[in-house]
Amino acid sequence: MIDAKIPSGNLADKWSNYKDSSKLINPANRKKLDIIVVGTGLAGSSCAATLAEQGYNVKSFCFQDSARRAHSVAAQGGVNAAKNYKNDGDSVYRMFYDTIKGGDFRSREANVYRLAECSLALIDQAVAQGVPFAREYGGYLNNRSFGGVQVSRTFYARGQTGQQLMIGAYQALMRQVSAGKVKTYTRHEMLDLVLVEGKARGIIARNLETGAIERHAAHAVVLATGGYGKVYYLSTLAMGCNSSAIWRAHKKGAFMSGVSWIQFHPTCLPQIGETQSKLTLMSESLRNDGRIWVPKKAGDDRVPNDIPEEERDYYLERRYPTFGNLSPRDISSRAAKERIDAGCGVGPMKNAVCLDFSKAIKEQGRDKIEEKYGNLFRMYDKINGVDAYKEPMLISPAAHFTMGGLWVNYDLMTTIPGLFALGEANFSDHGANRLGANSLLQSCVDGYFIAPYTIPNYLSGELKTEKITTEHVAFAIAENNVRAELNQFLNRKGHLSADYFHKTLGKLLYDKCGLSRTKESLEAAIIEIKALKKSFDTDLNITGDEQINAELEKAGRVSDFLELGELMCHDALQRDESCGAHFREEYQTSDGEAVRNDQDFCFVSAWEWKGKGTAPELHKEPLVFETVQLTVRSYK
Amino acid sequence: MKLYLKVWRQEDREAKGDLVSYEVDGISEHMSFLEMLDLLNERLIGKGERVIEFDHDCREGICGACGMMINGRAHGPLTGTTTCQLHMRSFKDGETVYIEPFRAAAFPVLRDLKIDRSAFDHIIQSGGYISASTGQAPESNSIPIAHEVTEAAFDAAACIGCGACVATCKNSSAALFTSAKISHLVLLPQGKLESADRVINMVAQMDAEGFGHCSNTEACEVECPQQISVLHIGRMNYEYSKALVFRK
Numbered sequence: 001m002i003d004a005k006i007p008s009g010n011l012a013d014k015w016s017n018y019k020d021s022s023k024l025i026n027p028a029n030r031k032k033l034d035i036i037v038v039g040t041g042l043a044g045s046s047c048a049a050t051l052a053e054q055g056y057n058v059k060s061f062c063f064q065d066s067a068r069r070a071h072s073v074a075a076q077g078g079v080n081a082a083k084n085y086k087n088d089g090d091s092v093y094r095m096f097y098d099t100i101k102g103g104d105f106r107s108r109e110a111n112v113y114r115l116a117e118c119s120l121a122l123i124d125q126a127v128a129q130g131v132p133f134a135r136e137y138g139g140y141l142n143n144r145s146f147g148g149v150q151v152s153r154t155f156y157a158r159g160q161t162g163q164q165l166m167i168g169a170y171q172a173l174m175r176q177v178s179a180g181k182v183k184t185y186t187r188h189e190m191l192d193l194v195l196v197e198g199k200a201r202g203i204i205a206r207n208l209e210t211g212a213i214e215r216h217a218a219h220a221v222v223l224a225t226g227g228y229g230k231v232y233y234l235s236t237l238a239m240g241c242n243s244s245a246i247w248r249a250h251k252k253g254a255f256m257s258g259v260s261w262i263q264f265h266p267t268c269l270p271q272i273g274e275t276q277s278k279l280t281l282m283s284e285s286l287r288n289d290g291r292i293w294v295p296k297k298a299g300d301d302r303v304p305n306d307i308p309e310e311e312r313d314y315y316l317e318r319r320y321p322t323f324g325n326l327s328p329r330d331i332s333s334r335a336a337k338e339r340i341d342a343g344c345g346v347g348p349m350k351n352a353v354c355l356d357f358s359k360a361i362k363e364q365g366r367d368k369i370e371e372k373y374g375n376l377f378r379m380y381d382k383i384n385g386v387d388a389y390k391e392p393m394l395i396s397p398a399a400h401f402t403m404g405g406l407w408v409n410y411d412l413m414t415t416i417p418g419l420f421a422l423g424e425a426n427f428s429d430h431g432a433n434r435l436g437a438n439s440l441l442q443s444c445v446d447g448y449f450i451a452p453y454t455i456p457n458y459l460s461g462e463l464k465t466e467k468i469t470t471e472h473v474a475f476a477i478a479e480n481n482v483r484a485e486l487n488q489f490l491n492r493k494g495h496l497s498a499d500y501f502h503k504t505l506g507k508l509l510y511d512k513c514g515l516s517r518t519k520e521s522l523e524a525a526i527i528e529i530k531a532l533k534k535s536f537d538t539d540l541n542i543t544g545d546e547q548i549n550a551e552l553e554k555a556g557r558v559s560d561f562l563e564l565g566e567l568m569c570h571d572a573l574q575r576d577e578s579c580g581a582h583f584r585e586e587y588q589t590s591d592g593e594a595v596r597n598d599q600d601f602c603f604v605s606a607w608e609w610k611g612k613g614t615a616p617e618l619h620k621e622p623l624v625f626e627t628v629q630l631t632v633r634s635y636k
Numbered sequence: 001m002k003l004y005l006k007v008w009r010q011e012d013r014e015a016k017g018d019l020v021s022y023e024v025d026g027i028s029e030h031m032s033f034l035e036m037l038d039l040l041n042e043r044l045i046g047k048g049e050r051v052i053e054f055d056h057d058c059r060e061g062i063c064g065a066c067g068m069m070i071n072g073r074a075h076g077p078l079t080g081t082t083t084c085q086l087h088m089r090s091f092k093d094g095e096t097v098y099i100e101p102f103r104a105a106a107f108p109v110l111r112d113l114k115i116d117r118s119a120f121d122h123i124i125q126s127g128g129y130i131s132a133s134t135g136q137a138p139e140s141n142s143i144p145i146a147h148e149v150t151e152a153a154f155d156a157a158a159c160i161g162c163g164a165c166v167a168t169c170k171n172s173s174a175a176l177f178t179s180a181k182i183s184h185l186v187l188l189p190q191g192k193l194e195s196a197d198r199v200i201n202m203v204a205q206m207d208a209e210g211f212g213h214c215s216n217t218e219a220c221e222v223e224c225p226q227q228i229s230v231l232h233i234g235r236m237n238y239e240y241s242k243a244l245v246f247r248k
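One line per chain: the protein sequences are G and F, in this order. In terms of full-length UniProt numbering, the first sequence opens at residue 1 and continues consecutively. In terms of full-length UniProt numbering, the second sequence opens at residue 1 and continues consecutively.
No wet-lab data here; the hints were simulated from the structure. Predicted model only: the values in this text are computed from it and were never measured. Ideal Cβ positions, reconstructed from N, Cα and C, are used throughout, including at glycine.
Taking CB as the label site, the calculated pair distances span:
#, chain 1, residue 1, chain 2, residue 2, range
1, F, Ser-90, G, Asn-29, 52 to 62 Å
2, G, Gly-494, F, Ser-90, 33 to 43 Å
3, G, Ile-477, F, Gly-94, 51 to 61 Å
Here are the simulated SDA-like pairs of lysine to any residue, each with C-alpha atoms no more than 25 Å apart in a straight line:
#, chain 1, residue 1, chain 2, residue 2
4, G, Lys-183, F, Asp-207
5, G, Lys-350, F, Ser-28
6, F, Lys-47, G, Ser-535
7, G, Lys-31, F, His-122
8, G, Lys-86, F, Ser-142
9, G, Lys-86, F, Glu-139
10, G, Lys-533, F, Leu-39
11, G, Lys-493, F, Glu-42
12, G, Lys-503, F, Met-88
13, F, Lys-192, G, Tyr-140
14, G, Lys-620, G, Ile-526
15, G, Lys-507, F, Arg-43
16, G, Lys-493, F, Leu-39
17, G, Lys-19, F, Gln-136
18, F, Lys-6, G, Gln-547
19, G, Lys-493, F, Leu-40
20, G, Lys-507, F, Glu-29
21, F, Lys-92, G, Thr-275
22, F, Lys-47, G, Glu-485
23, G, Lys-19, F, Glu-139
24, G, Lys-183, F, Ser-133
25, G, Lys-31, F, Gly-135
Covered by chain F, according to a simulated footprint, are these stretches of chain G (three or more residues, beta-carbon under 8 Å):
#, segment
26, 112-124
27, 132-141
28, 233-246
29, 266-275
30, 371-385
Using the sequences provided together with the hints, build the complete structure.
Okay, structure coming up:
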């Protein structure tokens, strides 16, 4: 049985107990210890900067040309914290409960409580760094509300909260670069994890400019490489987002959890053509003031503004009167799919719903709406050429966030000793569905406040370890494997591009392992993915050389997505229940609500890689609820 | 629609580059400019040729990775728009479009349209931060900041670091980029303490990287996708002079 190592004590005391009893390293010894941090988003940058401030030597890797570009930068809406500045009944416990419930009771109590607890310090830290969160006229911090909760606990910087937090973390990182405590490796991609005597001791990375294959050794390795939602090709993610770091760690022994729990964001721009590369997200914060509707009549061809009020179906307000347009993401997305499948979709491909601001503009005035969401309306206009102050936005659900990821214990350490996973790359805090504005929070809290305690706790046992050198045979073997794979890609002169395989895989997963799944669709998907992988192994065509080569980068990423996609289907197939973002059509009530099975599935799946062509092995971490009562999640 | 492209191709840092002609048909007006390049690259792969390399990532205008000169303008013909958010409806059927990398001595070309912008990271490293280590922060509401001040700081902090300001400046000056960071941090009470050292060090680093001086043509503001104001350059100059006078 895998052990999450939850500290003893009352829920509210666990993190304090952990900190009080964790092992420390004295400042003189810290400079003898090296740490590799892969990824420079909020989790990676904040972790690297904080560890460097403590005195460790940090190497920071990212595939982008600058640490500042990691995809955390694109998060729009906000970051949650239980400050209760609005005096509307918020508390750490309330935030903990909202998050546990929002995750459909498929996350660990202790982790989630710690997340809520550390949210307070995060806002303080960000403000100290100069993050310009929205302020009221008296000069105090402002908040707004987000889906799935009834209090206002979301801090925001217009529609660019992720960018502003990212800049704060990036600047903290750059400060440590200038202090000589962090060395950055930009345009570098991690291609393998190196284990020495069962512990994570380094990585093999490719310099994406020169093509050089490099060995890097350390006493511990941190993966903060984000989520894998790009497996669907069309998603809200950046084009470069990938699963390769976590997947290659998985193949070296790190378990993967909740792999099929993928959030479809309800407010994205719909697909309008086959060459589209991206489904741009429009912040969920828009649902504070926008109302979602479709025509009551299926196949209504009128433009939205011509459809009179009484012929509009505000389906979220109708089905979930308590939470209405602020219902959680999984529920909102499924409700949209239900209406679109019923033929009530709008737009040229009939695959969208309306997000309407006319009432808010009438009540608050255009200026107020512009101040709150101006950049989002401008973005909408740029992409579509449509003025959303005058007609409704057309939106549609799109793959967005992966609740699943590398299994980690309470220390955020994977099943490989010395390998830590932070932020979206791990599975830990969101259960089967993440609440809005909890993602920026989790990545920051992992990086600023948790890993800087738990990594030293691990490293305290490594002080007597001899300096790790890259001469070890494990590095040579890993490097050879990486070289062999790259050569294979370069020499494979088939007739299909990496994008072809990526798009085919993505469509297949959208249809068969997307917003809803069935036993039949998942079984079919597994067979189709295997066939696609086979074709990939012979028909792929990579042009160019080993230096800067976007196609060579894609080849490795798509190869990993093909294997990961299959595991997603296995994960969804074994879970005979509907929970959070995982909706198995076999398990629903007569009015279409999810039916959870706590008797048999109140556990975290943890998959072990058993080698190519062999079925993965499922391990189970039972979820023990000592504080909350499992209830049917109702937002009606 | 069909376009006639002239695209800058260059093997590596040292190689001499050249404009290469491509005809691309079957372009839809809904495509983004980068999706049009994806389409061309897909066809190049079919012919066994090396694809056109260009930086891009989020494709929603915020990461700052993309950027190219399109018909001589940074990020193309629209104002306040990154290359990834430029759509083909801004072009006419049959048009010839010149596509080149952002050029500046401090931004060497790596391959095709990809450039090295690490000089921007070096400028931030030289002082573009508030020295607040994790754990040192006071309670956030203990530093009240006027609404207008926060909004003004945000306007400066919105810079995405794409380099369009440098590429469009006849002197390849990084004054807009650098001054936006100085404004962001000096406007906020948390950032005031370090303001003198910050401005002196950042300006020195800007020069050391090989960026030119600002001669107030204001072209940078015109091309900035975030519409960062040149007034920040005025503030930078003011802060710089003040720092020189009062610095001991």
